[in-house]
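Peer 1: Given chain E, put chain G in place with the hints provided.
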Amino acid sequence: AQSVTQLGSHVSVSEGALVLLRCNYSSSVPPYLFWYVQYPNQGLQLLLKYTTGATLVKGINGFEAEFKKSETSFHLTKPSAHMSDAAEYFCAVSHNNAGNMLTFGGGTRLMVKP
Amino acid sequence: DTGVSQNPRHKITKRGQNVTFRCDPISEHNRLYWYRQTLGQGPEFLTYFQNEAQLEKSRLLSDRFSAERPKGSFSTLEIQRTEQGDSAMYLCASSSTLGDGYTFGSGTRLTVV
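Sequence order for the protein chains is E and G. Residue numbering for the first sequence follows the numbering used here, starting at 1 and increasing by one per position. Residue numbering for the second sequence follows the numbering used here, starting at 1001 and increasing by one per position.
Just chain E, with the same shape it has in the complex (with noise of 0.2 Å):
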């Protein structure tokens, strides 16, 4: 089975602050991970996503995350929050890449104070 946390389910940062979101997974084999940003009303868009290779993965809008087997985490970070930012994140989980199914954490709201 597997499963996936997300350390604080709502994180607050200033315009131009480093954003730090925390997820951690639990696999039972080599996970496939994901993040996934919702703004209001709308669908999931993929912001980036971690397969195999380097484990330090850029996806857009200039976030990245870093997966760290031995730590069972997949933070995302930012070095520079902008307002546009302010939404929903939620990190994933999967054993193959386009594979049969999905696990999502809760989700962190980010808010970013001017």
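Fair warning: there could be bad hints in the mix.
Said to hold, decoys possible - Label pairs and their in silico Cβ distance ranges:
1) G:N1007 <-> E:G53: 32 to 40 Å
2) E:N41 <-> G:E1044: 12 to 20 Å
3) G:H1010 <-> E:S80: 35 to 43 Å
4) E:S12 <-> G:E1044: 24 to 32 Å
5) E:A17 <-> G:E1078: 41 to 49 Å
6) E:H95 <-> G:T1038: 22 to 30 Å
7) E:T52 <-> G:T1020: 22 to 30 Å
8) G:T1013 <-> E:P40: 17 to 25 Å
9) E:H95 <-> G:S1062: 19 to 27 Å
Since the hints were made in silico from the structure, they are not lab data. Predicted model, so just to flag it, every value in this text is computed and none were measured. No residue lacks a Cβ here, since even glycine has one placed at the ideal position from N, Cα and C.
Peer 2: The following block gives chain G in isolation, referenced to the frame of chain E:
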């Protein structure tokens, strides 16, 4: 390519009525997925198709839920005898088998009154 399209965007129905949602995936994607998202939660997997074959349906929430993809293109999700607990956002996604990840639609928000 206009992405994944879901209709309707919003549906309000009375308890006990049947509802049907439609999803049109990206045309070259052969996999199609349905998820449910309740307020403040992450999406929850319901079922998926590869072409017209429904390969996983054990996660459908009850026998009131059913999904079809008759010609391997669009899909429908039906909920019979709706209950207030069915109120949620129903998300559709599609993917190819090439490993590019999912593309989600904007969802159908169901409100059961």
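Peer 1: Against each hint, give a clear statement of whether it holds in the structure.
Peer 2: Evaluation of the provided hints:
1. Here the CB-CB span from N1007 of chain G to G53 of chain E is close to 39 Å, well matched to the stated 32 to 40 Å.
2. Checked against the hint of 12 to 20 Å, the C-beta distance between N41 of chain E and E1044 of chain G comes to roughly 19 Å, which is consistent with it.
3. Against the hinted window of 35 to 43 Å, the Cβ-Cβ separation of H1010 of chain G and S80 of chain E comes to about 36 Å, which satisfies the hint.
4. Between S12 of chain E and E1044 of chain G the beta carbon distance is about 27 Å. The supplied range of 24 to 32 Å therefore holds.
5. For the hinted restraint 41 to 49 Å between A17 of chain E and E1078 of chain G, the CB-CB distance of approximately 46 Å keeps it satisfied.
6. Taken as a hint, the range 22 to 30 Å holds for the pair H95 of chain E and T1038 of chain G, whose Cβ atoms sit roughly 24 Å apart.
7. T52 of chain E and T1020 of chain G have their C-beta atoms about 40 Å apart, which leaves the hinted 22 to 30 Å range violated.
8. Taken as a hint, the range 17 to 25 Å holds for the pair T1013 of chain G and P40 of chain E, whose Cβ atoms sit roughly 23 Å apart.
9. Restraint check, H95 of chain E to S1062 of chain G: a C-beta distance of roughly 26 Å satisfies the suggested window 19 to 27 Å.
Of the numbered hints listed earlier, the single one contradicted by the structure is hint 7.
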